[in-house]
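So you can see what is in the structure, the chains are spelled out below.
2 protein chains.
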Amino acid sequence: MLSNTEENYLKALLYLTAEDAGKKEAGTNDLATHLGLKPATVNDMLKRLKEKEYVSYKKYGKISLTRSGKDIAMFVMRKHRLWETFLCEVLEFSWDEVHEVAEQLEHIQSDKLTERLDKFLNYPDYDPHGDPIPKSNGKMPPRATTLLSSVAVQQSCTVAAVKDTSPVFLQYLEQLSIGIGTKIKVLEKISFDGSMTLLVEKDKLTVSEKFANSLLVD
Amino acid sequence: MLSNTEENYLKALLYLTAEDAGKKEAGTNDLATHLGLKPATVNDMLKRLKEKEYVSYKKYGKISLTRSGKDIAMFVMRKHRLWETFLCEVLEFSWDEVHEVAEQLEHIQSDKLTERLDKFLNYPDYDPHGDPIPKSNGKMPPRATTLLSSVAVQQSCTVAAVKDTSPVFLQYLEQLSIGIGTKIKVLEKISFDGSMTLLVEKDKLTVSEKFANSLLVD
DNA sequence: TACTAAAGTTAGATCATCCTAACATCCATC
DNA sequence: GATGGATGTTAGGATGATCTAACTTTAGTA
Ligand SMILES: [Mn+2]
Ligand SMILES: [Mn+2]
Ligand SMILES: [Mn+2]
Ligand SMILES: [Mn+2]
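The listed protein sequences correspond, in order, to chains A and B. Counting in the UniProt record's numbering, the first sequence runs from 1 upward without gaps. Counting in the UniProt record's numbering, the second sequence runs from 1 upward without gaps.
Since the hints were derived computationally from the structure, they do not count as laboratory data. Hints are not guaranteed to be accurate.
Copies of the same chain look alike in the list, so a pair counts if it fits in one copy or across any two.
[What the hints assert, rightly or not] With a straight-line cut-off of 20 Å between C-alpha atoms, the simulated EDC-like cross-links for lysine to aspartate or glutamate are:
#, residue 1, residue 2
1, 119, 92
2, 112, 97
3, 119, 97
4, 112, 96
5, 119, 89
6, 112, 100
7, 139, 92
8, 189, 203
9, 112, 92
10, 47, 188
11, 139, 125
12, 58, 201
13, 210, 125
14, 52, 188
15, 183, 164
Produce the complete structure using the sequences and hints provided.
What follows is the structure in structure tokens.
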């Protein structure tokens, strides 16, 4: 039985070494930054995780998850995203509030609870942020990969996921009435600064390049 | 912010010093037994809890909760019982399975979650075992106090709560089709061993004194 | 290639939570 | 009122998780 702390390290490693994100290798410092800890602390924990064969690395080398480490991390992520879905869909939390609570709920140890929750939610494929929820067999629904910024002028698309899940961005989207499933037509791209003019539900609005790089669409 | 461990100590103290149960005072050994720890361990923790003013006691004396300690313990109990209710009513767990999971869920820190869960469950007064759920204002619905063993012959009553929540007893009740709300008529009391003959939904059955002392009725 | 900054590791400390073994106090009984 | 067993406390130690400070290795750049 892993501690919450250990589970958090594995989940962080899964995130940092995810293929769909840029990086594929993670180091002590990356982990320390991501977890808000000091490199020395992370180094200690990595020794323990290596001992237990959840991670593998050579001294001074990059760290990767073993098979069993990855399985555990995926399961924690599954629980995290199921709980986020529950909080939004059932308890009517807004999508910027769910992460913090799911960080706690993801560590509850009960396979039965996870399966029953999944069933109760009708086996959702995506969480409130559009992130794919790993299935109980370990498979993952496909993840949207097209950035809004790469959509051509005059093209239409549908919001599939947010790349940035910070409350400040999510609240801004809320304010603009943009959510998962919202249809967007690209009217104009300004080459000067990468900003874009969009048509969202008959409203015309202009967003920054940073914004357009934070939305994934189909 | 209290640790899970600290919350468990306060909850154990609430249980051990509950007025409706027999005892009103708790000692180091009682706590140690209840929590499955050694007295020395408990002694350490009690010093910390006293320092933080959640409990009060004199050296070698009995321990009691302070106002703020009791408030916290009641809130943890509220969460425990709300989650048990959720697991039974929403996720269709059986009443002998919920306790273990609720032991984990009761420590999730989110007032909003607790309130939304309460609302979603339609503000239940009792958990699946018939135990009263403290309200958000701290008030408690009344607890049933009549033992089945004290019901007179030929009287009818309704099961209100179980005093013993061990899986083995709960499963036995399940097997007998006895649950909260079940109507029972006392047909006979055997003075030799305190056993009773009951009429439950047209079935006649005989139960031990221990059994009759483990059911609370209205 | 040599140097230096970034990245990673080690040593030594703290704090929470638990333990065993030994010691102190209390109280029910004689 | 003395005393032995129950109850409670202290001392000292282990482990997990964290830190700071100092050290080592790697790798990019001059
Ligand atoms: Mn999240
Ligand atoms: Mn999410
Ligand atoms: Mn319970
Ligand atoms: Mn209960």
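If the cutoff is 20 Å on CA atoms, where do residue 52 and residue 188 land: within, between, both or neither? Let me know, please.
neither (54 Å within a copy, 61 Å between copies)
Same-copy or cross-copy closeness of residue 189 to residue 203 [CA-CA at most 20 Å]
Within one copy only: 17 Å inside a chain, 78 Å across chains, cut-off 20 Å.
Homomeric proximity label, residue 47 with residue 188: Cα distance no greater than 20 Å
neither (52 Å within a copy, 67 Å between copies)
Up to 20 Å CA-CA - residue 92 versus residue 112, copy category:
Between. Shortest inter-copy distance 11 Å satisfies the 20 Å Cα cut-off; intra-copy 24 Å does not.
First find the shortest C-alpha distance between residue 58 and residue 201 inside one copy, then the shortest across copies, and answer within, between, both or neither for a cut-off of 20 Å.
neither (53 Å within a copy, 69 Å between copies)
Up to 20 Å between alpha-carbons, please classify residue 112 paired with residue 96: within, between, both or neither.
Between. Shortest inter-copy distance 13 Å satisfies the 20 Å Cα cut-off; intra-copy 28 Å does not.
Residue 183 and residue 164: within-copy, between-copy, both or neither at 20 Å Cα:
within (19 Å within a copy, 56 Å between copies)
Using 20 Å as the alpha carbon limit, work out where residue 112 and residue 100 are close: within a copy, between copies, both or neither.
The answer is between: 12 Å across copies meets 20 Å, while 23 Å in one copy does not.
Between the shortest in-copy and the shortest cross-copy C-alpha distance, which are at most 20 Å for residue 119 and residue 89: within, between, both, or neither?
both (14 Å within a copy, 14 Å between copies)
Could you figure out if residue 119 and residue 97 sit no more than 20 Å apart (CA to CA) within one copy, between two copies, both or neither?
between (23 Å within a copy, 18 Å between copies)
Regarding residue 210 and residue 125, is the shortest C-alpha distance of 20 Å or less found within a copy, between copies, in both, or in neither?
The answer is neither: 27 Å in one copy and 50 Å across copies each exceed 20 Å.
One pair to classify: residue 119 and residue 92, alpha carbons no more than 20 Å apart. Within, between, both, or neither?
Answer is both; intra-copy 18 Å and inter-copy 11 Å each pass.
Hints 7, 10, 12, 13, 14, counting from the list given before, are not met by this structure.
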